[in-house]
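**Q** The primary structure of each chain is shown beneath.
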Amino acid sequence: MAEEAPRNNPLWRRPASRRTMLKAAGGAAAGFYAFGLPGKAYRRALAQDDVRQQILAIPGGGSQPTEADMQRVGELTLSSDKQGAFKGQKLTFLGLNNAGLHNLVFRPLSAAWSDYTGCEIEWIDLPQDQVFSRVQQSIASGTLDFDLLEGGAPWEGDILGKGLASEMPEAVKAKLDLSDYVGLLQPPVGTWDGKTYRVSIDGDCHNFNYRSDVFADPGLAGEWTAAGGEGEWGVPTTWQGVKAVSAFMKGKQFDGQDLYGILDVCKPWGGFGFYFFLSRASAYAKHPDDKAWLFDAETMKPRINNPAYLRALTDIIETLPNEPADQVNADGNRTWSEQFLAGTGTMCHWWGDLGSNVYTNDLSVVQDKVGFSILPGSPDVYNAKTGAFDMIPGNNFAPNQAYIGWGLYVMQRSVEAGVNEAAWDLAAHLGGKDLSLWTAVYPSGFQPYRNSHFNAEEWATVYPSVEYAQDYLDSEADSYNHPNGAVEPRIPGIFQYYVAAEIELAKAFAGEAEPQAALDAAAAEWENITEQLGREQQVALYQAALG
Amino acid sequence: MQQALGRGADVAVGGVAPERRARGRALLIAASVIALVVVVLQIAAMIGWDDAPGIASWRTVALAVLGWFIAVDIAVVLMHGVRGESALFLLPALQLTAAFVLFPTVFGLYVAFTNWNLSAEQGRTFNGLDNVRALFRDADFWRSMLNMVYYVIAVLAQYVVAFGLALLLNQDIRGRKFFRVVFLLPFMLSPVAVSFMIGRSILDSQFGPVAQVLGSLGLDNIALWEDPWPARINIMLMDAWYSIPFMMVLLLAALQGIPHEVLESATIDGASGRQTFFHMIFPLMLPVSLTAVVLRIIFELKLIDVVRVVTNGGPGGATDTVTLFIFREGIEKANVGYATALSQFYLICVIVLVTAILAIAGRWVQKFS
Amino acid sequence: MAITSDRTAHLPEITIPSVGLSGRRLRRTIGRTFTYGALIAWAFVCLFPIFWVVSTSFKVAQDIFQGRILPWLQFQPDWKGWESLGLSPSTIGEPSGNRDFFLKHAMNSVTISLAAAAIATVVGALAAYGLTRFSYRFGPWRNKDISFWFLSQLILPPIALAMPLRVLYRPDGLDLLDTRTGLILIYVIMNLPIVIWIMRDQFGSIPLELEQAALVDGATIWQTFFRIVVPLAGPGFVAAFILALVFCWHEYFFAVVLSGANSPTLPIQLAGQVSSQGIRWWSIAALSTAAIAPLAIIGILLERYIVKGLTAGAVK
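Residue numbers (my numbering), protein chains in the order written: chain A, 1 to 547; chain B, 1001 to 1369; chain C, 2001 to 2316.
Source of the hints: derived by calculation from the structure; they are not laboratory data. On a predicted model such as this, the values are computed, not experimentally measured, just so you know. Where a beta carbon is used, it is the ideal one built from N, C-alpha and C, also for glycine. Any given hint might turn out to be false.
Taking lysine-lysine pairs in the DSSO-like style, the calculated list, with each CA pair at most 30 Å apart, reads [stated by the list, open to error]:
hint	chain 1	residue 1	chain 2	residue 2
1	C	2144	B	1367
2	C	2104	A	369
3	A	175	A	162
4	B	1302	C	2144
5	A	175	A	195
6	A	369	A	195
7	A	162	A	195
8	A	369	A	291
9	A	243	A	90
10	A	162	A	369
11	A	301	A	173
12	A	243	A	291
13	C	2104	A	90
14	C	2104	A	87
15	A	175	A	90
16	A	162	A	173
17	A	243	A	82
18	B	1302	C	2080
Which chain C residues face chain A? A few, computed with CB under 8 Å, are given here [stated by the list, open to error]:
hint	residue
19	2061
20	2069
21	2072
22	2073
23	2097
24	2162
25	2178
26	2264
Here are the in silico distance ranges between beta carbons for each label pair [what the hints assert, rightly or not]:
hint	chain 1	residue 1	chain 2	residue 2	range
27	C	2142	B	1219	54 to 62 Å
28	B	1146	C	2037	35 to 43 Å
29	A	163	B	1043	42 to 50 Å
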């Protein structure tokens, strides 16, 4: 079972990444200090390291940050030079009100900025599942009532495409150092027609979280071999392996608790549930030689009913009996927090939040027991052109760069309202290098998204060990920078496709529809949506999004 | 009452002083003119006539209309005397509802015949009866309609329980106030809270107390939400929990209104409990039962919160409600035209249903009284 | 209404000589046991979820995922849930952003619900009185049709009104987006039908003689209404008001669609407890407890009005 761990496999690893170069240069110290180009950047990094160390210590490992903590972090990272410049102005900020995250983090982090510049901020908090529809309704009814929007990259098709955002000023670009963004977040993401609009504050991808203690257990190893399991006992690196292991675990116990393998998300979740299916399918469906995987690039014909996705769907259906009871009613929030972190299940594909919560979330009982990797792969991958599966030596991996990430968008209306400069200044503050390190390390709803975030030593000030931090960060970085990353198209209405698919898939999960029939129904729905949204435009935008 | 009015109003009707009438009429005309002018100005401003004075906005229009309403109210009284006064009772409610409902109804009817996806580049386009045709072909929609039939039948079961509780509470028992307050409490918990705390917490198949109790009875790993009927029944149970108090209160109040003499005389005559109930109590309770059941059914037909939070229509659409389906179409899929068509269709269906219920039940009530 | 007595055969006598219970007494005892048993059983059904909500507000994550039920016996109460609202002993004296956030939602809920319920009760009661006492005619429409028209306002799913309302409330429209007034207006419309239908039964049961007498004495209709009918139907007003209040308090959909920074209500804050960091059960529980508390208190204090107020109802 234990093949060479993917990240050590030379065949896919990007040659001469910065990290390898630096490691080769020798010395953890060199690696720690030399981000980007030496020279000027080096000195700046040194000075900033002070700030970074300071803010990482607030409040330190093991404790939940308070509002006061976050205010202090906001103070320390304040780099605005617009003292008092926006006095009397008022900005309206629309963001999520997820408890303890997003707006609830933005507020204390912006307090210092607000004091310094004199600008007042009014906050519109919305539940996560309402934000996008609210934005759409605002647009359609002409009632855009906010200057700054916390929006997801998949929404860019709807927001940027309609000219509702204001373009990023050059000064802000320089301040943000856009080259620091990970590969996934480089243009075309965040841009439209060549213009830059987005301040990234988050990166998103699905990684693979597993119980390292279970997969290192000698007792289970013995049973595995005795049961005729393939290879040595260890965390699977292919989805086929995941299926076999999950079947193997059924009925067994570990540490007095029932043992379960993979935790699948089957419940419609406003479109977000579909990402979990895509993670199961990307290794089968995303061919290294083909940029497209969800639709045909020339025609927008859906590919979702091809044999690759059928295989993924069948995988899930066949594994569901080996998963906990009522798994079919489990939404994304359940699998990572109420199941995996609470000790149920040994494999979970999720966004990076899981990893960053292992030590900081009260409900976690799996401290010191979690390992990370990129999503499992598959020995073969479907070739849409030939209609057959191609064998890929060393397995095909296609990390699902799901949702791409949250960003801040300044709306055009801020220009009319005379607060455009203030809005960009606030966005630059919240998207700053150091502040974002803090939000990446501590629970905020945001994952690391800048290359400068991926220093395990810094994370180790909060996390129990450098090795743990490295493990986690590698799984994220390797997913972001993967040459065969599966990224979704930033076309208008992309979530409508997901919602439609979720519903059809749910019927298959519930056993009410045959897998192929469900996928065909989803494909038919997708065609309807494409027609309704305007096929030509969708094709053009899809191709533009593919780069 | 009309007769009473007639008698008392004889003095007034013929004798609404002409000056009063004239004043009323003048007020009405003045208010109408002002309102009309404001509306015209607003439309002019919208169309873009440059020399339209910039005083009008829709808010001004609203205020002008409000003024007009008030003027109508006053004028009616001035012009029609007593009849006007009686009309004045109904007018505010009528005006308020009409004003508010007019625009959404018209707008809704228009949108229902358009192809309007909020992400579409072409925006809103008229598409005739396409939405209606799609509606009739939409198997998932009809499935959710069928679910509503089940949910409505559940309301009848809720009615029986509520009636039973009302009967119990109507008896001479100790701690009556305590029980009455306690039985009312579920109604005070918001459906959103109920869906989380009961649906996802108490009925959680891993951590919930229900699962634990079942586990201690030997039924491990019981799945509460995996199969269609258990899921539906669980939803119905939750819905019943916070809805029964509403009916119970209405029924209990009506029960308490039955004079004791009525019941006592029946018992003296030797009628059995059951006969007293069916021949005496139940007929008296029919009008309130009708109100309670009709109101409950209308609310039930709008069920969404509990289902959305707990199962999101699952498994595979088994617990889906029409409102949730429309929500998914209109909000999650931004398919506003189709969703509005579905809403209008559903509205018609429910109106037909409620009319039928009222007609049949009305005849029934008459038969009993 | 004439009561027909139905002479039926007497029920057979059951005697248990050893206990000395006669048939009727035995029947009564069994009846009472059953009655109390049923009452207690249903009381448990009502109270257990409430207990669960309140006790969960004192739990921490571990307690929830171990499924612990009994405080002190199975878990130690913790103030975490209340801290997230700024209402725990440790935070109550300090300035707290959480508490401000909570109070903003709570005060909005209070203001909007009270105002909407009050207006709906007044306007609705007037309309109900009119509909029971007078015969209206608007074209082909009679009282029955008008009543039904009001009822049909309840039927339309709120979804269908989302877009039209956003358009209506635009800044260059009525400019009521994200205002309490805007929400109050829509809630009044929503609750009018309920008030009207309930009060119709109320007024229908008040005998006409009193009003007729007053009219003959020369009082106007409105004077009659205020001096005679209102006092009699007082509890009915209270009951309708409370029902409308509860419906407004719980309303979620329009609040979300029409609110922004200024007018969000408690249900919105509740829904926000579901985050990408998992569901914060203790916060939801604390919020639910805080949300149910005012209603529960009103229920306890005014419970007798609710029943009494609806009592005049069905006897015709």
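**Q** Compare the structure with each hint and give your call.
**A** Hints, verified against the model:
1. Using a Cα cut-off of 30 Å, the hinted pair residue 2144(C) and residue 1367(B) holds, with the two alpha carbons roughly 19 Å apart.
2. Restraint check for residue 2104(C) and residue 369(A): the C-alpha separation of about 42 Å exceeds 30 Å, so the hint is violated.
3. Only pairs whose Cα atoms come within 30 Å are accepted, and residue 175(A) paired with residue 162(A) is accepted, the gap being roughly 27 Å.
4. Distance restraint check for residue 1302(B) and residue 2144(C): the Cα-Cα separation of roughly 24 Å lies within the 30 Å cut-off, and the hinted pair is therefore satisfied.
5. Between residue 175(A) and residue 195(A) the alpha-carbon distance is near 17 Å, which keeps this suggested pair within the 30 Å criterion.
6. As the CA atoms of residue 369(A) and residue 195(A) are separated by approximately 45 Å, the hinted pair breaks the 30 Å bound.
7. Restraint check for residue 162(A) and residue 195(A): the C-alpha separation of about 13 Å stays at or below 30 Å, so the hint holds.
8. Restraint check for residue 369(A) and residue 291(A): the C-alpha separation of about 36 Å exceeds 30 Å, so the hint is violated.
9. At most 30 Å may separate the alpha-carbon atoms for a hinted pair to count; residue 243(A) and residue 90(A) exceed this at roughly 54 Å.
10. Taking the CA atoms of residue 162(A) and residue 369(A), the gap is near 47 Å; set against the 30 Å cutoff, the hint is violated.
11. For the proposed pair residue 301(A) and residue 173(A), the alpha carbon gap of about 37 Å is over 30 Å, so the pair is violated.
12. The hinted pair formed by residue 243(A) and residue 291(A) meets the criterion: a straight-line CA distance of about 27 Å does not exceed 30 Å.
13. Of the pairs offered as hints, the one joining residue 2104(C) and residue 90(A) holds, with about 19 Å between alpha carbons and a cut-off of 30 Å not exceeded.
14. The straight-line distance between the Cα atoms of residue 2104(C) and residue 87(A) is roughly 25 Å, inside the 30 Å bound, and the hint therefore holds.
15. In summary, the hint linking residue 175(A) to residue 90(A) is supported, as the alpha carbons are separated by about 23 Å, within the 30 Å threshold.
16. The straight-line distance between the Cα atoms of residue 162(A) and residue 173(A) is roughly 22 Å, inside the 30 Å bound, and the hint therefore holds.
17. Distance check on the hinted pair: residue 243(A) and residue 82(A) sit about 57 Å apart at the alpha-carbon level, beyond 30 Å; violated.
18. Between residue 1302(B) and residue 2080(C) the alpha-carbon distance is near 35 Å, which puts this suggested pair outside the 30 Å criterion.
19. Interface hint status for residue 2061(C): upheld, as the beta-carbon distance to the closest one in chain A is roughly 3 Å, under 8 Å.
20. Hint status for residue 2069(C) relative to chain A: violated, with the closest Cβ pair at about 17 Å, above 8 Å.
21. Proximity of residue 2072(C) to chain A is violated relative to the hint, the smallest CB-CB distance being about 20 Å (cut-off 8 Å).
22. For the restraint placing residue 2073(C) at the interface with chain A, the shortest Cβ-Cβ distance is roughly 21 Å, beyond the 8 Å limit, so the hint is violated.
23. Of the supplied interface hints, the one on residue 2097(C) holds, with its beta-carbon coming within about 5 Å of a beta-carbon of chain A, less than 8 Å.
24. Interface restraint check: residue 2162(C) against chain A, minimum CB-CB distance 7 Å, threshold 8 Å, status holds.
25. Given hint, residue 2178(C) at the interface with chain A, holds; its Cβ is 7 Å from that chain's nearest Cβ, closer than 8 Å.
26. For the restraint placing residue 2264(C) at the interface with chain A, the shortest Cβ-Cβ distance is roughly 7 Å, inside the 8 Å limit, so the hint holds.
27. For residue 2142(C) paired with residue 1219(B), a C-beta distance near 58 Å keeps the hint of 54 to 62 Å intact.
28. Restraint check, residue 1146(B) to residue 2037(C): a C-beta distance of roughly 37 Å satisfies the suggested window 35 to 43 Å.
29. At roughly 28 Å, the beta-carbon separation of residue 163(A) and residue 1043(B) lies outside the given 42 to 50 Å, and the hint is violated.
Violated hints, in rising order: 2, 6, 8, 9, 10, 11, 17, 18, 20, 21, 22, 29; the structure is consistent with all others.
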